[in-house]
Structure formats: C-alpha cells, structure tokens
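Hey, can you work out the whole structure from these sequences and the hints?
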Amino acid sequence: MPTLNYAAPSTVDEAVKLLAGASGLAKVLSGGTDLLVQMRSGRMKPDLIVDTKMIPGIIGIREEGGSFVVGAATPGAVVEAHAGMNKAWPGVVEALDLIGSTQIQGRCSLAGNLCNASPAADSVPALYAAGAIAVVVGGKGRREVPVEQIPTAPGRTSLAKDEFILEFKFPPRPPRSGDAYLRFIPRTEMDIAVVGCGISVTLNEQGVCTAARVGLGAVAPTVLLVKDAADALIGHTLDADTLGKLDAAARAACKPINDKRGTIEYRTKVAGVLARRVAAIAFDRAMGKSQGKTH
Amino acid sequence: MSKHHVSTTINGEPVEFLCETQQTMLDTLRDVLGLTGSKEGCASGDCGACTIILDGKIVCSCLMLGVEAEGKTITTIEGIAQGDHLHPVQQKFLEHAALQCGFCTPGFIVAAKALLDENPNPTETEARYWLAGNLCRCTGYDKIIRAVMDAAADMRGAAQ
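For the protein sequence lines, the chains are A and B, in the order given. Just so we're aligned, residue 11 is where the first sequence starts under this note's numbering, counting upward by one. Just so we're aligned, residue 174 is where the second sequence starts under this note's numbering, counting upward by one.
Just so you know, the hints here were simulated from the structure itself, not pulled from any lab data. Please note that the accuracy of each hint is not assured.
To be verified - Derived contacts from chain B toward chain A, CB cut-off under 8 angstroms, selection only: (1) 190; (2) 191; (3) 194; (4) 195; (5) 214; (6) 218; (7) 224; (8) 227; (9) 230; (10) 231; (11) 232; (12) 236; (13) 238; (14) 240; (15) 284.
Said to hold, decoys possible - Beta-carbon label-pair distances, calculated as ranges: (16) B:255 <-> A:267: 51 to 59 angstroms; (17) B:228 <-> A:262: 43 to 51 angstroms; (18) A:75 <-> B:258: 51 to 59 angstroms; (19) B:244 <-> A:90: 38 to 46 angstroms; (20) B:228 <-> A:249: 44 to 52 angstroms; (21) A:20 <-> B:209: 29 to 37 angstroms.
Stated by the list, open to error - In silico lysine-lysine, DSSO-like type, Cα no more than 27 angstroms apart, as pairs: (22) B:245 <-> A:37; (23) A:27 <-> A:171; (24) A:179 <-> B:230; (25) B:316 <-> A:63; (26) A:255 <-> A:265; (27) B:176 <-> A:63; (28) A:255 <-> A:237; (29) A:237 <-> A:97; (30) A:237 <-> A:150; (31) A:97 <-> B:230; (32) B:245 <-> A:27; (33) A:27 <-> B:316; (34) A:63 <-> A:237; (35) A:37 <-> B:230; (36) A:150 <-> A:171; (37) B:176 <-> A:55; (38) A:37 <-> B:176; (39) A:270 <-> B:230.
Here a beta-carbon is modelled for each residue, glycine too, at the ideal position from N, C-alpha and C.
Dropping the structure here:
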C-alpha cells in the first residue's frame, strides 16, 4: 500500500512549501467532510495531506474596517453562532447551515465547500451573491480572488498546486442591504440541492434596488453568478414585472443535467421560482422587515 | 512513513496513541484504544453512529483522522455516564425503550447530550433537526425524541 503522508504546518510558508514539494497528489485538509469520504470511496488517492487548521487565523472570524473576515477552515457551527455574521449576512449563514447534519456542521468549512467545487454546494451561491473575496496564498505570494473565479468545473478549481485559501473577505455592508439563500430538496433536511439560489441586494430609501448579485446552484457544471438576473433587479422595486424578469433571467442561465434529483425542465422551472422567493426575502431583510431564518 | 504519535484528552483522561495517517478517529478509538462504543454505520458521515464531541462540538469520528486528535479534547459514549451513574439522556432512553437493536444508540446519546448542553430547552422541532444526522432503522424516532425531550425536562428540573 502506498504511504499516505500527513503534515500539520503552523505557518502559511511551511504549508505552501509542502504543497509545492509534494511528489504526487497533495490535498489540503480543512474539515475533511468531503475529502475523507472521497478517500474512503477510492475516488481520491492523495499521497500527502496538508492539514491547514494549525495556521493562525484560518479558523475564526474578525471584523476589519466594518467588514467581516472569515477564516477559510472555520467550522459552520462557529459561523452560525456569530452574531455579527448573522446580522450582516443572514443568507450566507443560512446557506452554510444547510450543509449536512449537526455533526457535519462541527467541521465543514466555506473553503472546503467552495474548493470541493460541487455545482450543488449550498454555501457557494450565497458566497457568490455576497461578493466574497477569497484570499489565496501560494508560492507566488498572496492574491485576492472573487469567489466566483475559484470553481472551474465539477471538482476542479483555479488554484495552483501550491495554493490554498486562507480566508474570505466580505465587503462592507451599506445601509438597507439584505441577502438570502433557499435550496429546493424533496424533503426538509439532509439532502443535496436540486436547485439553490442566493441573492444579495442593496436598496435606496424608496425600496428601489441599487445593487444586486444572484448566485444559482445545481443548474450548471459550476455554481453560476447570473448577471442578467441581477440586472433585472437593479433600478426596480420588487413588483410583479421585476419578479417576472428575474424569473426569466434565472431560467435562461440554467444549463442543468437530467438526473435522479430533477429533470432539465424541472430544475429550470424551480430556478425561476426560487429566485422570486429568495429576492422577496432579501428585499424584506434589506428593509429591516425580517431577520428570521428561512428554514 | 512511521506512525504518528498523538497526545490528546479522551473522556477527561490524557491519552497517547500511535496511528497511521489513513486511520480515522473512529478506527483509532475502536482498533487502537479499544473504545468500541462508537459504531461504524456508513463510514461516510451520513448515519451519526460514530458521533463524538470534539472540543465542544459534535462531529462524525469517521470523517476525522486520528492524527487530528492532537491537542484536542474528546468525549465518546464511554465518557457520558459518571461512573455507575447514567446521564439523564441514557436513563430516559431506557425508560422510554428508545432503542431496539442499539447500534445507533451511542451516537444518538452523544448528540442528544451535546444538544442539551447547548440548548437546555429545545422544542421538539429543534431536537428533531439537531438529530437529523443520526439514523435509526428500528424505532421510527418517536421514542428517541420522547426520551430526549423528557431528559431535557428532567435536567431543567434538577437545575432549579
């Protein structure tokens, strides 16, 4: 049996050197809730595991100049318990909260969910909608990458061999901003999204949308950032006409597969319906009408 | 590569062990340390039979490497009772007959104890969602939920 090596470096430099110097496949370990399953099934056969959790700052949440920075390996349960994140980004928190069970929440991370690059990853449409920035570290130093540029295909990312995500920067939140995430599953818990949708908006005092981002999951090989759907919202209140245009733009962006979870037609239809519902929640939150959980 | 030497705390006791990289925490508990209370159901994080408490949060020990236990504090099902004195969740599982084959029970008890530590007064819905990652193929869950809700009431009463 080939030897599986393990290292838990305590600095970024050390981790980068280990990844760069690995002779075979090196995998970064955060919560392991995908990696260990893939290793067990034989789908992933790494030669080296680099556990990044000893690196200072990679677990934890801090405020910097009015915005939040979330460590890449911070467990879901820690983010969900953070009052500031719940207030500023309830959509991101509720999306992350949908990943797996309470046990999975004890370990799963935003970076793991993003870099596993599943099209159905729950936290990812909400991260796209939030406009989060991934702080990527590697041999060439540090670079800031919009999250939507990380996944490139199912299971593939734009990160180089010696790179990993250190933390996520969330942009400052203007007044009257709100976000939300919904996924459709045929039950109420513990399932993989048939469609997921995250929307973040900022409104003016009249309730007219001045900025919007829309993320759609499970309807294409990667999670999608749907500019046309955001454009349908910007400059408008959430009236019937705007909702119709949002619905149409969301459907137009879909390139789903047929599988046991849903047909192409079904997923496309649900994407439009979810976009309407998520927009309504995000607008309500932006106007301070609701901070409550959607699920 | 030689085995990893790991120093950790399990059920309040300092523990040292040797493990291979690919051994999960569950493998380590069962095969290295002889703590066979935690069960392997699915080995993919779906069934919760291997639930342990890691630094205050429940996790599936099948989705954690043994080597990751270094410096951590772990509670397993073997550490839930205080000597011969059962934890209220364990006592209520007996009283409500909340088990049949018993394979899922250690995971349910560890997860339920962690719920009541964090939220002494859960609604039934909260308890059901908290335990959604624990699968039971015998009971239909109803008796389990009744036992957990009764244990919660008992513990609140005792705390007053």
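Does the interface hint hold: is residue 195 (chain B) within less than 8 angstroms of chain A, judged Cβ to Cβ?
-> Where the cut-off is 8 angstroms and the nearest Cβ of chain A is about 5 angstroms from residue 195 (chain B), the hint holds.
Evaluation of the interface hint that places residue 284 (chain B) against chain A, nearest CB under 8 angstroms | holds (7 angstroms)
Distance restraint hint 29 to 37 angstroms, applied to the beta-carbon atoms of residue 20 (chain A) and residue 209 (chain B) | Holds, at about 34 angstroms.
Was the hint right that residue 214 (chain B) lines chain A, CB cutoff 8 angstroms?
-> With Cβ-Cβ at 12 angstroms, over 8 angstroms, it is violated.
For the pair supplied as a hint, residue 27 (chain A) and residue 316 (chain B), confirm whether the alpha-carbon distance does not exceed 27 angstroms.
-> Violated. Residue 27 (chain A) to residue 316 (chain B) sits at ~53 angstroms, over the 27 angstroms cutoff.
Holds or violated: residue 232 (chain B) as interface residue toward chain A, Cβ cutoff 8 angstroms?
-> holds (4 angstroms)
Do residue 255 (chain B) and residue 267 (chain A) keep their Cβ atoms within the hinted range of 51 to 59 angstroms?
-> Holds, at about 53 angstroms.
Status of the residue 240 (chain B) interface restraint (C-beta, 8 angstroms, chain A) = holds (6 angstroms)
Given the hint that residue 245 (chain B) pairs with residue 37 (chain A), does the C-alpha gap stay at or below 27 angstroms?
-> Within the cut-off at roughly 22 angstroms; holds.
Does residue 97 (chain A) pair with residue 230 (chain B) here, judged by a C-alpha cut-off of 27 angstroms?
-> holds (23 angstroms)
Interface restraint verdict for residue 218 (chain B) against chain A (beta-carbon cut-off 8 angstroms) | Because about 6 angstroms separates residue 218 (chain B) from the closest Cβ in chain A, which is inside the 8 angstroms limit, the hint holds.
Keeping to a limit of 27 angstroms between CA atoms, is the pair of residue 316 (chain B) and residue 63 (chain A) held or broken?
-> With a Cα-Cα distance of about 39 angstroms, the restraint between residue 316 (chain B) and residue 63 (chain A) is violated, given a limit of 27 angstroms.
Hints 1, 2, 5, 19, 25, 30, 33, 34, 39, counting from the list given before, are not met by this structure.
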